[in-house]
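Participant: The residues making up each chain are set out below.
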Amino acid sequence: MVKKLPKVDAVIVGSGWAGGIAAAELTKAGHKVVILERGRDKKHEDFMGTKDELRYSKRYDLMQDLNKETITSRNSLDKKALPVRDNSKARLGNHTGGAGVHWNGMSFRWLPYDFEIYSKTVERYGKEKIPKESTMQDWGITYDELEPYYDKYEKTAGISGEENPIGPPRSDKYPNPPLKETPTIRLFKKATTDLGYHPYHMPSANLSQAYVNPDGEKLNGCVYCAFCEEYGCDFGAKADPIGTVLATARKTGNLELRNGANVTRVGHDGKRATGLVYTDTMTGEEFEQPADIVVLAGFVFTNTKLLLVSKIGTPYNPKTGQGIIGKNFTGHFNNLSTYIGARGFFENKKFNNFMGTGALGATIDDFSGDNEDHSNLKFLHGYEVHYGQLGTRPIANNQVPEGTPAWGKEFKKQSLKYANRNLFITAQSGFLPNKETYMDLDPTYKDSLGNPLLRVTVKYAEQDRERAKAGVARCAEIMKEMGADTMNVDVVEDDVEFDHKFYTDHFFGGAIMGESPENSAVNTYSQMWEMENLFVVGGSSFPHNSNYNPTGTIGAFAYRAAEGMNKYLKDGGLLTQSELKENA
Amino acid sequence: MSDNNYKNTASGEQQKQQDMSRRKFLKNSGLVAGGLVGGSLFGGLLTNSFDSKKEQKMEKHKDTLIDVQEAMQFFTRHQDFLVLMAATEQIYPEDEHGPGAIKLGVPYYIDKQLAGRWGINGRDYRHGPFTAVLDESDQSAGPAGEQSILDRGDIFIQGLRKLDEESQKRFGTTFDKAEEEQQIQILQDFDDDKVKMNGLAASEFFALLIQSTLEGAYSDPLYGGNRNMEGWKMKEFPGAQTSYAGYIDQDEFIKLEPVSLRDYQGH
Ligand SMILES: Cc1cc2nc3c(=O)[nH]c(=O)nc-3n(C[C@H](O)[C@H](O)[C@H](O)COP(=O)(O)OP(=O)(O)OC[C@H]3O[C@@H](n4cnc5c(N)ncnc54)[C@H](O)[C@@H]3O)c2cc1C
Ligand code: SF4
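For the record, the sequence lines run as chains F and W.
Take the first sequence: its letters are residues 542 to 1125, numbered as in the working numbering.
Take the second sequence: its letters are residues 80 to 346, numbered as in the working numbering.
Isolated chain W (complex conformation) (with noise of 0.2 Å):
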């Protein structure tokens, strides 16, 4: 069998053709069918339908459909997120490998995240007594701020105050307007905790936040970030991948256009 059916697709009409077959195989597949899917011939189908290092992913989703969905839905104070803007993009600067925290919409991303179940902690322990120092002989210290009674919207909306004041103390100009030195140092301070916080310590809004950047960086760009799955691409990750059969035993390091989960489920 070779694959002669999608190569190279070139027009929308071919792509979308490969999107309903990967449907209708996807359902169709013993798993959904309860039936028995021979392993040599599953791996075998899907090595040249859709594993085939000619095929090619269009690049449908344009920022148009991105555009509308990028405003507000946590933040309240447009300086919060210019801080917020700054501070992602030192985190996960613009370079020559490409885009920033910025331009890969990180900002948005965390917004986003702040605004459902995560910003409020929805899934965690959330009964008392909770302890904002913890003792120091325990090796217990939670990730950011994990004993702390404030959830993850008071925490960002704390620290990217604290980032601003800090630099009004400082260079007498907010943290956005502040030269590139002047935002590291004060992010270096968060991070060796020379700034103290409320009710946490400094380093452990500084892991959110680069915790949060990162995800932003690199989660599926349905979450709002890594936009155009740059981030993806940067590092050389190719996505939501049907298999690897066909490649996992190979010596060579493998390129393929990265999937996003939009075209992988493909609605």
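With the rest of the complex left out, here is chain F (with noise of 0.2 Å):
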């Protein structure tokens, strides 16, 4: 028997960035909301003393519990695919403040490319440079239409950052300076500038100084205490849902934060939702809590599992290519980007390694996006190339020069004399949607509910892996130029499938947005185009994947769809029609 609870204004599965900028703009706005956490309470509180390596970095402490749900995974649609089933292949969010809480930090803005990046394909390179495999599409709305959102997030967010000489246009600085320079900051910037390239440093959550951002939300200087990613932060110094958007949302004294409540189901008549389907996992009863919108915030596999359990939409059929739920699945996947790339070893110089802080470093955008000429590549879309100084920790770093034994007398003597004797930089490349690249739900595994698991299926395509390619030959030139030694350069084979490893937490897809019901299950504002009173917000909605971090992006669009929520609740109607009537 589901019970059935008072119906409010708003209910939101999820209370991690997205989840939570919605219920800050739209408890601001008046609005009665409740918000549906899995996971446990968790205050700044709760992560005091909290430098602990084996716990939260081996054991992933603050990350999704698979005992309860996973994601199956295979590399083709022949294949049976198989459950993740330890946390080392899936870091993924799972209390108050999601993923937010234990994220590095690192807050980019995506390209103009990326908004119109079929268009613009087309138009510098001709139709025919787009693979038969890509499903990439224009996304709907171009930066500049973003750009007041981005700035919106960046000041809650209290990003700390320096300017971008080939940066896309801002309306406004960083709303704090950049983080400190550190000796080996100064060697990556010296060889990128030295090769050419347009070096400056990543722009940071983790606060360079005191801020108030303009909620009144009060963000501490970080101290770079180096237990930074995958960890929250002991000093109140990253910006995470907790002391931004959630606190927000509590000052109104109109929001519920309900934790323990795990959604399994949209309430639906087929034209509107109803509300959400939860059960409470202390005692295992099922509720309904019923409100005029409902919000999916819960993540990109949560978000897509939701809607296909609760029949909303139309499934993507990878074999017609017709449907559109789950279509469109990207990420930065281990084996092509964000952990490969250039290590190098250093026999006269040593580094502290074990400061730092998770966004602490420096990129180029010199091959970011369409910024290099593609015509002669075998690939669209690039890489962005970083070193970052996050703060090693023992049980992780034993990096040893190749051909070093991976255990025994040779390995421990190595693998000491290294520890603060290498730097690594890592292209972070982007993923460009195919069609057999996709989610649905698995056929034989189920969660500990009983539902079915979600399943992924990741095919690589060419492009892929030479994009992949080129990122790590950047990475070895640029190492080579600091000064390295010796250098393990990392190899993307010719044949590399994914391996199954959702670490990144980059993903994206799923209930992609577009222009038009005919591509695309949400506008812009998120708003489903069937069924007006849902959000499903997230990098659920990105069709495809840049080469950067995602969450300044996630920010910015979840930023839009609160501005659509408080919109729809009062005029109610399909946002981009109402927008386009406006303009007519």
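It should be emphasised that the hints constitute simulated quantities derived from the structure, not laboratory data.
Be aware that one or more of the hints could be misleading.
To be verified - FRET-style restraints, in silico, Cβ to Cβ:
no. : chain 1 : residue 1 : chain 2 : residue 2 : range
1   : W       : 278       : F       : 665       : 30 to 36 Å
2   : F       : 1030      : W       : 330       : 55 to 61 Å
3   : W       : 252       : F       : 850       : 56 to 62 Å
4   : F       : 1026      : W       : 173       : 27 to 33 Å
5   : F       : 946       : W       : 212       : 49 to 55 Å
6   : W       : 252       : F       : 825       : 53 to 59 Å
7   : W       : 173       : F       : 1014      : 38 to 44 Å
8   : F       : 984       : W       : 201       : 23 to 29 Å
9   : W       : 212       : F       : 984       : 18 to 24 Å
10  : W       : 272       : F       : 826       : 44 to 50 Å
11  : F       : 546       : W       : 301       : 53 to 59 Å
What the hints assert, rightly or not - Covered stretches of chain W, going by a simulated chain F footprint (3 or more residues, C-beta under 8 Å):
no. : segment
12  : 164-175
13  : 197-205
14  : 244-254
15  : 281-295
16  : 318-328
Here the structure is a predicted model, which means the values were calculated and not measured.
We put the CB at the ideal spot given by N, CA and C, even for glycine.
Join these two chains into a complex; the hints should help.
Facilitator: The structure is reproduced here in structure tokens:
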């Protein structure tokens, strides 16, 4: 028996950046909001004294408990998918604040090219340049239209940054100056400058100084404690949803954040969403939380699964290309991006590798998006090359030159020697959508409540491997210029396939946006074309993956979606249509 | 401002005071009080009170405390434990840099881990069907027998006994009594999958053994390994430092006495 609760204005699944931003904007406008969050209540207090590598980086204490729910994965249509059983292959958000608590804080904007990728590619290279397997499309919005929302997100999170010499136009400076420069960052910046590139500090949500955001939330300056990626911040210095948007929403008195509420279904009558059905993880009881608008902000996998299980929209069929829900899954995959590059070993230099911050470092944009001419390249889109001083930790930091054994006397000797004598630079590359990379429901495996797991199929295309190869080669070029005595350079094999690691937490698609219901599930306000009072917010709406970390862009689109929700609660109707009418 | 309170703390009393003040500081920090602590002020405070290069940490927790915690929680056969000791010591041997796995407490660390949630794969997805042999064309081999029906405790018991069995077969003696080269040869064959195990590949057990040996050498001493933070000292890793704000932009390599979580959290 599903117990029906009193109706509210808006019900949201997920308390991460996407859900938190929606909640802040809705409650500020006076609407009553309930957030349903499957994980535990978390406060900043929970992160004090948590500099424990084993617990947070090896046992993944803050991440999704796969015992209850996971995804299955395969790398082609004819294979049986296997469940991702172990957190070393899936670092997904799970408690109040979601992954926004244990993220690094690298806060990029995506490129004008990204949002109009199809048109701009055809314009520059002609239609033939678009690979057969590709399902890339324009997003239905331009960078200029999105810019004010980027600005808003960056001010909320107090992003600390340095002007990107070749970046897209900005309406305002970063709200805070960049983080400090370290000897290794100087080394990277000098090497890339000497090579003729344009380095700049990575924009960070680790704040360079104390700051009060426009909602009145206070953030501290980062102390470079180095337990950042995979950890909650000990000092309130890394922008997270708990200390910003959720705090803002709570202040209004209009938010109820209900923990231990595992959402299993969207209630609807075919035309309108009526609410969210969830299981109380303490008692096992089922409830329905009715609301005027329903917001899915449970990350890519949950958003897609809820639409499929609730039978909203048409599931994507990779054989016919018909349907939309589950389409255009993309991401940063470990053996193509983000975790591959060049590691340099230095005989006569020692670095303070153990100090750092989640987003401390520098990057170059010379090869991002369409910044270089792709006429003679075997791929579209590009890569961003960065050096990050994130703070190495001793269980993981056992870097040795190639050819060294992985255990025993020699391993011990070399791993101790090089612990503070190695530097890594990586290429984060874009990934373009293709027909056979998508999500549906797994026919075999079930979650702990008996519902099917989401199945992910990822097939690499030729151009994805070529892009990754080019990125790695660039890393090696720069590392050499930085003066490394020897290097380990990752190899991207011609037949490399997806290794089932959902490690970066940069995943997209499933309910993609576009300019019409023909090619998209939601409009650019993240509003479902087929169900006006249902908003599907987050990376699930991105038709492809750029070469940058995504959260700045997730934040920007969440602000746009929230604006749409407030407008919808007032006027109703499809948002882009009313906009069209206004402009007519 | 200069740090003149706790320079070169020598006595236990001073150390205690310092811990008290650290705790008070953490409790009173802007974070907890909900107020704002100025970034520069905050950084300055930390630099001055806790970051000083002159700050010396006391070796408070001597072996006496640890000893009573070193008894088997998970393993039941002494022989399994002897094999575990010998194998982890080969993976991380004592040498001129410092202690190896045994002196760091790694075998006890592993025993404790196996007795807890990790040993029964408590956070992992554990519904069938399970798969013992993976499709080779599918580059999906998970870490350490991910798709296996065996839990980590099962894997360790089977793997350690297999090491012994191989040693008996090849050298007529148990693994722990075999010569160093003999032990290395057997371990190498596990690494190369030249030995057959039941329900997972030998290399998967071996990967798990390496991973947990390194964890035991370098995790916070609270877990029973990294005794006296010797693992960290060898690696020049200073543990749970409050802040590096005062050092991060400096050129020279900074050496600091390591801080354990016990000291950092200061109960
Ligand atoms: C280690 C790590 C480092 C990262 N570093 C960066 C970085 O440097 N830069 C960057 O841009 N991005 C980074 N990311 C990615 C970033 O964290 C995510 O893009 C972002 O947090 C996504 O926000 P979200 O609100 O869409 O989803 P999430 O933060 O995942 O929030 C979803 C929430 O929904 C809840 N939920 C899910 N399903 C259900 C359900 N069925 N019922 C109830 N609740 C549910 C979850 O528990 C979670 O709290 C990193 C991620 C990780 C894991
Ligand atoms: S490095 Fe900075 S932002 Fe990250 S956890 Fe430490 S103080 Fe917080």
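Participant: It remains to establish, for every hint, whether it holds in the given structure.
Facilitator: Each hint tested on the structure:
no.: 1; hint: W:278 to F:665: 30 to 36 Å; result: 55 Å, violated
no.: 2; hint: F:1030 to W:330: 55 to 61 Å; result: 27 Å, violated
no.: 3; hint: W:252 to F:850: 56 to 62 Å; result: 59 Å, holds
no.: 4; hint: F:1026 to W:173: 27 to 33 Å; result: 29 Å, holds
no.: 5; hint: F:946 to W:212: 49 to 55 Å; result: 27 Å, violated
no.: 6; hint: W:252 to F:825: 53 to 59 Å; result: 55 Å, holds
no.: 7; hint: W:173 to F:1014: 38 to 44 Å; result: 41 Å, holds
no.: 8; hint: F:984 to W:201: 23 to 29 Å; result: 27 Å, holds
no.: 9; hint: W:212 to F:984: 18 to 24 Å; result: 21 Å, holds
no.: 10; hint: W:272 to F:826: 44 to 50 Å; result: 49 Å, holds
no.: 11; hint: F:546 to W:301: 53 to 59 Å; result: 43 Å, violated
no.: 12; hint: 164-175; result: holds (count 5)
no.: 13; hint: 197-205; result: holds (count 7)
no.: 14; hint: 244-254; result: violated (count 0)
no.: 15; hint: 281-295; result: holds (count 4)
no.: 16; hint: 318-328; result: holds (count 10)
Hints 1, 2, 5, 11 and 14 from the list above are not met by this structure, while the remaining hints are.
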